[in-house]
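Engineer: Given the structure of chain B, go ahead and fit chain E onto it with the hints provided.
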Amino acid sequence: MKVVSKKVEMVEGDMTPMIDMVFQLIAFFMVLINFSQSEANDRVVLPNSQLVKPPEAPLEFPIVLHIAQDGSVILGGTTYTAETLKLGLNQELNVIAAEKKKPQDANVIIRAHKDAAAGDVQEVIRVAQEQKLEKFALRVKEDRS
Amino acid sequence: MKIRKRGEPAKQELNMTSMIDVVFLLLIFFVMTFKIVEMEGDFSVKMPLASDKSGAVDDTELPLKLRLRADDNGRLASIAMNEVQLGTDFDALRNTVVGLVGGTQPGEGSEGGPEVEIDTDYNLRYEYVINAITAVSGYKVGDETVKLIEKIKFAKPRR
Chain B
-14 MKVVSKKVEM
-4 VEGDMTPMID
6 MVFQLIAFFM
16 VLINFSQSEA
26 NDRVVLPNSQ
36 LVKPPEAPLE
46 FPIVLHIAQD
56 GSVILGGTTY
66 TAETLKLGLN
76 QELNVIAAEK
86 KKPQDANVII
96 RAHKDAAAGD
106 VQEVIRVAQE
116 QKLEKFALRV
126 KEDRS
Chain E
5 MKIRKRGEPA
15 KQELNMTSMI
25 DVVFLLLIFF
35 VMTFKIVEME
45 GDFSVKMPLA
55 SDKSGAVDDT
65 ELPLKLRLRA
75 DDNGRLASIA
85 MNEVQLGTDF
95 DALRNTVVGL
105 VGGTQPGEGS
115 EGGPEVEIDT
125 DYNLRYEYVI
135 NAITAVSGYK
145 VGDETVKLIE
155 KIKFAKPRR
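Chains as they are written, first to last, in this note's numbering: chain B, -14 to 130; chain E, 5 to 163.
Next up, chain B with everything else stripped away, as it sits in the complex (with noise of 0.2 Å):
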């Protein structure tokens, strides 16, 4: 008897609509992806307020302090007490002056977790006023409820 040998066709799912769609996830993600972030901390939840705004513009020569729940500072991922924060601030200073500008030219971005005491809020901007710093901007969440 004659065995005729049948070739085994390979059955291949279409993939063109499922890479489709996962070319439109990526696309999707890749455009809201914020790498401007950066500048958020994690032990920090900023309070919420309905007054604020965006800023149109960023603030020239900014000096970010992030201030956690416990009091401590966080400047360029160092962390610091309102004592030990003079270096920190000094060395941010170093390189504003290196561009000629003036301490009084910085501004002083505060980025305080909403339960951290408000006494180390000001101890903090005290330091930074002894620094000859004085433009300070409270940072807070937009509220739109």
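Be a bit skeptical, because a hint or two may be false.
As the list claims (entries may be wrong) - Here's a subset of chain B near chain E, in silico, CB distances under 7 Å, partners left out:
#1 Pro32
#2 Lys99
#3 Ala101
#4 Glu119
#5 Arg124
#6 Glu127
The set of hints was computed from the structure by calculation and includes no laboratory data. Remember, predicted model here, so these are calculated numbers, not experimental data. All C-beta atoms in this analysis are idealised placements derived from N, C-alpha and C, irrespective of residue type, glycine included.
Structural biologist: Same frame as chain B, but now just chain E:
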């Protein structure tokens, strides 16, 4: 001449496996790093270090005194504006400020206009300070913001 039937030309198919692998890796990366952007804004405060000079001060230039007291847990216990007790109601604070500054619009820039000095207990939660600043800074009417006081400063921290 015998013509041989040629078989159907073999389909040239691209191997998609590696591309799909990479695409899925990209997708996972973007999904994991995705964060919903929270809009943030600033309350601008210009606050140079107070000079020790003691001179005659015009009474009209004295700032409004806002006193915020806290309980042992850091919650707001009382609000007082120029020694007038307002309970813990920020709406009452806003109404008081509207009554005090009336139709006075804050001047252009940081010059001119009334000023408020916030004096808080050390352990008061920062959230309440922001609520107080919001109440004295203005209020919203629809989409419009009515500004009240733009000059804000802090008293010396209380230990």
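Engineer: All the hints need checking, so say for each whether the structure fits it.
Structural biologist: Hints and how they fare:
no.: 1; hint: Pro32; verdict: 4 Å, holds
no.: 2; hint: Lys99; verdict: 4 Å, holds
no.: 3; hint: Ala101; verdict: 5 Å, holds
no.: 4; hint: Glu119; verdict: 5 Å, holds
no.: 5; hint: Arg124; verdict: 5 Å, holds
no.: 6; hint: Glu127; verdict: 4 Å, holds
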